[in-house]
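Asks: First to last, the protein sequences are chains A and B. Numbering (our numbering) for the first sequence: 1 to 243. Numbering (our numbering) for the second sequence: 1 to 132.
Just so you know, the hints here were simulated from the structure itself, not pulled from any lab data. Bear in mind that the values here come from a model prediction, so they are computed numbers and not experimental data. Each hint should be verified, as a subset may be incorrect.
[Unchecked claim] The list that follows gives simulated cross-link-like pairs (lysine-lysine, DSS-like), each with its CA atoms no further than 30 Å apart: (1) A:K38 with B:K97; (2) A:K59 with B:K75; (3) A:K182 with B:K61; (4) B:K76 with A:K196; (5) B:K75 with A:K108; (6) A:K229 with B:K110.
[Claimed, not checked] Pulled from the structure, derived: some chain A residues nowhere near chain B, Cβ distances all over 12 Å: (7) K32; (8) K59; (9) S141; (10) K229; (11) D239.
All C-beta atoms, glycine included, are put in the ideal place defined by N, C-alpha and C.
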Amino acid sequence: MKKILLVMTMIVSKIVLAESYSESDIDNKMMKEMLDPKTPSVSIKTLEQMGYSKDEASKKIQDESVIKRNGFREMGIIDAKQMFSLRHDKHRFSSVNESNPYGTAIKKDLSNIPLSFNFKGISFIPKSDILGWAAANTHSSKGWTGVAEYFNYPSIGVCNYLIRDVIESNAKTFLRADLVTKEVNGKYTQYSVQGKKDDGFLYTVQWYEDKFWHSIECSQMEFSRETEKKMIDLSRRIDNDKH
Amino acid sequence: MRKYLILLLALSTTSHAGFLKLTHHSRANCGNNETISWHLGHSYNMNISSMHFDISAGETKPYDHFVCDNPDPKKKETCNLRYTSRSAAICWGEMSKGIKWKVRGYHYIKYVDKPPELVGTTTTDCSIGEGW
Numbered sequence: 001m002k003k004i005l006l007v008m009t010m011i012v013s014k015i016v017l018a019e020s021y022s023e024s025d026i027d028n029k030m031m032k033e034m035l036d037p038k039t040p041s042v043s044i045k046t047l048e049q050m051g052y053s054k055d056e057a058s059k060k061i062q063d064e065s066v067i068k069r070n071g072f073r074e075m076g077i078i079d080a081k082q083m084f085s086l087r088h089d090k091h092r093f094s095s096v097n098e099s100n101p102y103g104t105a106i107k108k109d110l111s112n113i114p115l116s117f118n119f120k121g122i123s124f125i126p127k128s129d130i131l132g133w134a135a136a137n138t139h140s141s142k143g144w145t146g147v148a149e150y151f152n153y154p155s156i157g158v159c160n161y162l163i164r165d166v167i168e169s170n171a172k173t174f175l176r177a178d179l180v181t182k183e184v185n186g187k188y189t190q191y192s193v194q195g196k197k198d199d200g201f202l203y204t205v206q207w208y209e210d211k212f213w214h215s216i217e218c219s220q221m222e223f224s225r226e227t228e229k230k231m232i233d234l235s236r237r238i239d240n241d242k243h
Numbered sequence: 001m002r003k004y005l006i007l008l009l010a011l012s013t014t015s016h017a018g019f020l021k022l023t024h025h026s027r028a029n030c031g032n033n034e035t036i037s038w039h040l041g042h043s044y045n046m047n048i049s050s051m052h053f054d055i056s057a058g059e060t061k062p063y064d065h066f067v068c069d070n071p072d073p074k075k076k077e078t079c080n081l082r083y084t085s086r087s088a089a090i091c092w093g094e095m096s097k098g099i100k101w102k103v104r105g106y107h108y109i110k111y112v113d114k115p116p117e118l119v120g121t122t123t124t125d126c127s128i129g130e131g132w
């Protein structure tokens, strides 16, 4: 009788295992779907559509509600301090990097980063507040498919705006239906904050279009709930800007 | 520690790594054929794979050779995520086979707080200017 029970348990557990994906299986499934040429650059998916079981999905949604209540995901980051150090580092520019079209360190002049798309920088950021520019993403035969503008934004902190060329970099993403909003001028938007005391906090807004993906990251040493509205306002302003 | 990091960053200004942002590239016929994602000092869960085609044979087959940074030991031609600041799918010395190669790289990044992304890089060139 015991043996029969043991065999039955093994069969049932195999069936359960077969029905639920491991985290790695889910990523491979999503990656495979993204590789399909018919998949658009941006898709909205529920956690179940991504491959999570109902239990895993509700656990993830529960985790997010705790983060939302706290206002941020508690984790160690180096970005906030790195961004602040740019503001104070007078020797951040190097002539070797500046003249190298493939150089990825910070540059003084945007024109030294050949881009696959037209971009002049955010028009309403005064020159005196621009800290520099950095290449990002991939480099196609047309040039870099991403660039980040680093700047001081007095009402928030030190920020960077990243714009990426989706077409030239063959980029795809899946946005979680339970996290996505349309706060930036009706475009798919995701907001997050991560950091911890002493490390500082990184506030991020990402918004998506068919041809370009955008994000702003701003760093502060202290957490403030008021920053969310300022981040969304800044994102809307950048999105409306004819840069 | 921070001083060493700054010194390292300063010395790496011409490196192929993304200095301030994550960068992705593929290179072909460089001695090696390779696909790499790299962000200095920042780690992510990455699944990087690289498909290599013999150009003279055309793309009649899905690929002639497939390599990934973190192959799954149990599943053929399946890759797993690896938490790292530099994920590289490299076939060392593949050029010595006397074939003219084309490399297609797939860079899947799973962020903690951001949506997952897939970026593609394609090249027939060793130059870092194409296929980044």
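Asks: It remains to establish, for every hint, whether it holds in the given structure.
Replies: Hints, verified against the model:
Simply put, K38 of chain A and K97 of chain B have alpha-carbon atoms about 35 Å apart, too far for the 30 Å limit, and the pair is violated. Only pairs whose Cα atoms come within 30 Å are accepted, and K59 of chain A paired with K75 of chain B is accepted, the gap being roughly 28 Å. For the suggested pair K182 of chain A and K61 of chain B, the alpha carbons sit about 42 Å apart, so the restraint of at most 30 Å is broken. As the CA atoms of K76 of chain B and K196 of chain A are separated by approximately 41 Å, the hinted pair breaks the 30 Å bound.
Annotation: proposed proximity of K75 of chain B to K108 of chain A is violated, straight-line Cα distance about 48 Å (limit 30 Å). As the CA atoms of K229 of chain A and K110 of chain B are separated by approximately 27 Å, the hinted pair is consistent with the 30 Å bound. With 12 Å as the threshold on Cβ separation, the claim that K32 of chain A sits away from chain B is violated: the shortest Cβ distance comes to roughly 10 Å. Chain B leaves K59 of chain A outside its interface by the beta-carbon criterion, the shortest separation being 16 Å against a cut-off of 12 Å.
With 12 Å as the threshold on Cβ separation, the claim that S141 of chain A sits away from chain B is violated: the shortest Cβ distance comes to roughly 5 Å. The claim that K229 of chain A lies off the interface holds: its Cβ sits roughly 19 Å from the closest Cβ of chain B, which is beyond the 12 Å cut-off. Every CB of chain B is more than 12 Å from the CB of D239 of chain A (nearest about 18 Å), matching its label as outside the interface.
In summary, the numbered hints that this structure violates are 1, 3, 4, 5, 7, 9.
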